[in-house]
Amino acid sequence: MSDTQTFLDTLNARSQQCEAEPTWIAARRQAGAARFEAIGFPTRRDEEWKYTDVRSIAQGNFALAESAEFSQAQAAALTLPLDAYRLTFVDGVFSSALSDLDALPDSVQVLPLSKALIDNHEAVGGPLGRLTSVDFSAFAALNTAFMEEGAVVRIAPGTVVEKPILLQFLSRAGTPVMSHPRILVEAGGRSEATLIEHYAGETDATNFTNVVAELMLDRGAILNHYKLQEAPLGDMHVASIHVEQSRDTRYSSYNLNLGGALVRNDLISDLNGQGAETNFLGLFFGQGRQHVDNHTKVNHNAPLTFSNENYKGILDDRAHGVFNGKVYVKRDSQKIEGFQSNQNLLLSDRAHIDAKPELEIYADDVKCSHGTTTGQLDEEAVYALRTRGIDEATARGLLTLAFAGEVLDQVALDAVAERVELAVAGKLPERFNLAGLVEAAVALND
Amino acid sequence: MATEEMEQLVRRDYKEGFVTDIESDTLPPGLDENTIAFISNKKGEPEWMLEWRLEAFRQWQKMKEPSWAHLNYPPIDYQSISYFSAPKRPEDRPQSLDEVDPKLLETYEKLGIPLHERAALAGVAVDAVFDSVSVATTFKKQLAEAGVIFCSISEAIRDYPELVKQYLGTVVPQNDNYFAALNSAVFTDGSFVFVPEGVTCPMELSTYFRINAANTGQFERTLIICESRAQVSYLEGCTAPMRDENQLHAAVVELVALDDAYIKYSTVQNWYPGDEDGKGGIYNFVTKRGECRGARSRISWTQVETGSAITWKYPSCVLRGKDSIGEFYSVAVTNGRQQADTGTKMIHIGEGTRSYIVAKGISAGKSDQSYRGLVKIGPRAKGARNFTQCDSLLIGDKSGAHTFPYQEIGNSTAKVEHEATTSKIGEDQLFYCQSRGITEEDAVSMIVNGFCKDVFQELPMEFAVEAEALLNVTLEGAVG
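The listed protein sequences derive, respectively, from chains Y and V.
When you line the first sequence up against the working numbering, it's residues 1 to 446, in that order.
When you line the second sequence up against the working numbering, it's residues 1001 to 1480, in that order.
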């Protein structure tokens, strides 16, 4: 209980500074704090947290950042080389200097939550917290208690947003700080957009990011959602993402996790209207003592809805991976198709994976399946490559990349895909070097 | 598919429902240390056994009833259960089948299992458990010649205390879980099998359980030990009479396989599932676990679960010996308002251990079924291998099928695969059969049997026939 007290003390100190906020937000904040105080941090006795120990967060002492200073040069190196509308947050604090919203059409709103609250707080009050209630988890409650910054994205009906919308979260080295960003996306009917959440930072950072994202897709909307998490290896990262899909919407999530000491993602899609489709693609790499936990859930609440999930894990050293995917089919939601696949590659004897693919089905006219495998690289494939003059390390590298390829091939943004490929290559330097590998492959083809 | 016909099939009566009127020497409901002392005394048990029971009881009192299963049932009042019920006149118990109470034989007749005939024809030794006390054991002599011990656990405690002491509770400890602790405290009967080194048991061993006197919880305890190179196939089959009160059944089964030993444990469970509204019916909360202690040992669980209001069990294998093998084959059929949360656990500890899981679930009516399994590969289980397949078939739009497989893999040389599918009987499959002149009912029966084939193949001959018949009865008129 004393663990929660540290956080509540920080909260009390903070609350005294923001007295001028609208009453509804103060009430919600209090509800979040009350809930958090009541339940405290989860322990491994909680089924949802069976494989993830959050003591390193609970016992930490995280301050709240006051400024958004970040060296321009370093930010430029971390930023994805993409032509995008960009909002940047440094340790949770909005940085207008590192943001770029030039030429944003009138039909699209992209603004920091703090500004949205000042401009028209009533418009935010309705949707905020509608999908992620404080009861969802201790972290959602904590986020609500601390909520003050984040991003609000509103896309008018029928709008096709040409450029991706990039939300960039940077983490600084120094005194450990925490941030609780809140992301709210309202995609209007038949709109189409690409949203990128990008987490990166200074190598030595040891911060705690606890993000809650609520994405609402109105009839016929299409949203591609990339989450590229390359947080510093000392960072703690907890994310809760809730998606609400009405009729004929299509949501695609690309959940790419490379960084962080302790990572937990909860991704939930509610398919509430006929014809709604959701695609969950995920990739997680772990090395050192990284712990990466992915919990996903697809709720087929309406008939004629479709879901497709493919998560790939690659674990080295003493990394620990967790995959818990659930497909839920509500009573009378007929004509459902739900497919789920999780494959894991263990590269080291001390790497560990806990996988739990679940199906919970209450309707009979459904086609649902899940499959999960854990194994190593196929020795025969390694041998086949070696007989063609490729050295063993390169052969293993190629096969590992091929394993990841099934997910990476579907990443339409080259800048993101390249970042992942490079990161993977960089993360497994003794094993292979991607750049060299590609050159070698090209040379072989020539 | 014709919904009416399906409903008809689902709305079958429980064929084995009848109560045999035999006077029982029943303990009044309630549970305390005196109850346990009474049971122990009644069984003529030595002091250490009573101590063992009491120790379990004290631990049980400190434990909390688990609630994590995907099940829904009113809280159980453990004080309202009678913990001992034995047929009267235990002193002059029948010494051979001829002396058996004709009413009991009649019961078996009704079940379609004429004990003596069946035993003679099938070459099966039957240790019939009728309300907690074994009343007939056949073929003892033949088994004795082979050196196989097959008797009730009570006899074993009296006659082979050293063996019981050595093995009892070593696979499922007293405090393993809530129901195992309860069982350890109050178990009244069950079977004991010991196959010595190098012996292949000359016949399949079989126990028919029947739950009889109303309000009596059945707490069976089974212990099977196979020494090096020994082999045994054990059959367990269950039917129960129809009644209103929910009956709790919390058995414990422990299997121990030493080097190169092979234990095959088959179950056909057809206890009363309750009426259409789910009233009555058996609660089957069982702990079954086998330990492959020796190198190259093998334990195989096969189960056909068609009965009980609630089934909650996970026959498991602890694969400790090098290159040992664990297998689990299961068909679970739920209908009406039945609920089943079942599956298996394969704990890979030794090098080169392998496990194979095939689970088939059929849910009809308003029933709910879950497969819950654990495959755990320890860091020292080099080259461990698992393959899991669990398929669900849904019949009717009010049924539910769920899959919760857990995989915990801590070894990079392990290969673990899991596949699961959920679907209903395809209209096109039915049409294909019907267009070839097969009636809808036959077609459905064929498809369902085909769906379960992988498991039925693993059953001993006699059981395979019984299982197929049972499946057809269970889904009679309902499917197709």
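Just so you know, the hints here were simulated from the structure itself, not pulled from any lab data.
One or more hints might be untrue.
Here are the simulated DSBU-like pairs of lysine-lysine, each with C-alpha atoms no more than 35 angstroms apart in a straight line [to be verified]:
(1) Y:K297 - V:K1366
(2) V:K1279 - V:K1415
(3) V:K1322 - V:K1345
(4) V:K1322 - V:K1042
(5) Y:K163 - Y:K297
(6) Y:K367 - V:K1064
(7) V:K1141 - V:K1264
(8) V:K1382 - V:K1453
(9) Y:K330 - V:K1398
(10) V:K1345 - V:K1062
(11) V:K1042 - Y:K297
(12) V:K1264 - V:K1345
(13) Y:K50 - V:K1141
(14) V:K1064 - Y:K297
(15) Y:K297 - V:K1165
(16) V:K1415 - Y:K335
(17) V:K1165 - V:K1453
(18) Y:K367 - V:K1453
Have a look at the derived ranges for each label pair, beta carbon to beta carbon [as the list claims (entries may be wrong)]:
(19) Y:G405 - V:M1461: 46 to 52 angstroms
(20) Y:Y383 - V:Q1142: 40 to 46 angstroms
(21) V:D1428 - Y:R388: 40 to 46 angstroms
(22) Y:R388 - V:F1431: 47 to 53 angstroms
(23) V:G1383 - Y:A76: 44 to 50 angstroms
(24) V:M1461 - Y:S133: 37 to 43 angstroms
(25) Y:N61 - V:G1383: 42 to 48 angstroms
Where a beta carbon is used, it is the ideal one built from N, C-alpha and C, also for glycine.
Here is how each hint holds up against the structure:
A threshold of 35 angstroms between alpha carbons decides the hint, and for K297 of chain Y with K1366 of chain V the separation of about 25 angstroms falls inside it, so the pair holds. Of the pairs offered as hints, the one joining K1279 of chain V and K1415 of chain V is violated, with about 45 angstroms between alpha carbons and a cut-off of 35 angstroms exceeded. Restraint check for K1322 of chain V and K1345 of chain V: satisfied, since their Cα atoms lie roughly 18 angstroms apart, inside the 35 angstroms limit. At roughly 43 angstroms between alpha-carbon atoms, K1322 of chain V and K1042 of chain V are farther apart than 35 angstroms, so this suggested pair is violated.
Among the hinted pairs, K163 of chain Y with K297 of chain Y is consistent with the structure: their alpha-carbon atoms are about 29 angstroms apart, no more than 35 angstroms. With a CA separation close to 38 angstroms, the supplied pair K367 of chain Y and K1064 of chain V exceeds the 35 angstroms bound. For the hint linking K1141 of chain V to K1264 of chain V, the alpha-carbon distance of about 22 angstroms falls within 35 angstroms, and the restraint holds. At roughly 32 angstroms between alpha-carbon atoms, K1382 of chain V and K1453 of chain V fall within 35 angstroms of each other, so this suggested pair holds.
A C-alpha spacing of about 11 angstroms is found between K330 of chain Y and K1398 of chain V, which places the hinted pair at or below 35 angstroms, so the restraint holds. Note on K1345 of chain V and K1062 of chain V: the hinted pairing holds, with a Cα-Cα distance of about 25 angstroms set against a maximum of 35 angstroms. With a CA separation close to 54 angstroms, the supplied pair K1042 of chain V and K297 of chain Y exceeds the 35 angstroms bound. For the hint linking K1264 of chain V to K1345 of chain V, the alpha-carbon distance of about 16 angstroms falls within 35 angstroms, and the restraint holds.
In summary, the hint linking K50 of chain Y to K1141 of chain V is not supported, as the alpha carbons are separated by about 52 angstroms, beyond the 35 angstroms threshold. Taking the CA atoms of K1064 of chain V and K297 of chain Y, the gap is about 30 angstroms. The hint holds against a cut of 35 angstroms. The suggested pairing of K297 of chain Y with K1165 of chain V is violated, with an alpha-carbon distance near 48 angstroms, which exceeds 35 angstroms. Between K1415 of chain V and K335 of chain Y, the direct Cα distance comes to roughly 34 angstroms. Compliance with the 35 angstroms bound is thereby established for this hinted pair.
Distance check on the hinted pair: K1165 of chain V and K1453 of chain V sit about 40 angstroms apart at the alpha-carbon level, beyond 35 angstroms; violated. For the given pair, K367 of chain Y sits about 21 angstroms from K1453 of chain V by alpha-carbon distance, which is consistent with the 35 angstroms threshold. The hinted window of 46 to 52 angstroms between G405 of chain Y and M1461 of chain V holds, with their beta carbons roughly 49 angstroms apart. The hinted range of 40 to 46 angstroms is not satisfied by Y383 of chain Y and Q1142 of chain V, whose Cβ atoms lie roughly 55 angstroms apart.
For D1428 of chain V paired with R388 of chain Y, a C-beta distance near 45 angstroms keeps the hint of 40 to 46 angstroms intact. Separated by about 50 angstroms at the C-beta atoms, R388 of chain Y and F1431 of chain V satisfy the suggested range of 47 to 53 angstroms. For the pair G1383 of chain V and A76 of chain Y, the supplied restraint of 44 to 50 angstroms holds, since their beta-carbon distance comes to about 49 angstroms. About 57 angstroms separates the C-beta atoms of M1461 of chain V and S133 of chain Y, a value inconsistent with the hinted range of 37 to 43 angstroms.
In this structure the supplied range 42 to 48 angstroms holds for N61 of chain Y paired with G1383 of chain V, their Cβ-Cβ distance being about 45 angstroms.
Against the hints set out earlier in the document, violations occur for numbers 2, 4, 6, 11, 13, 15, 17, 20 and 24.
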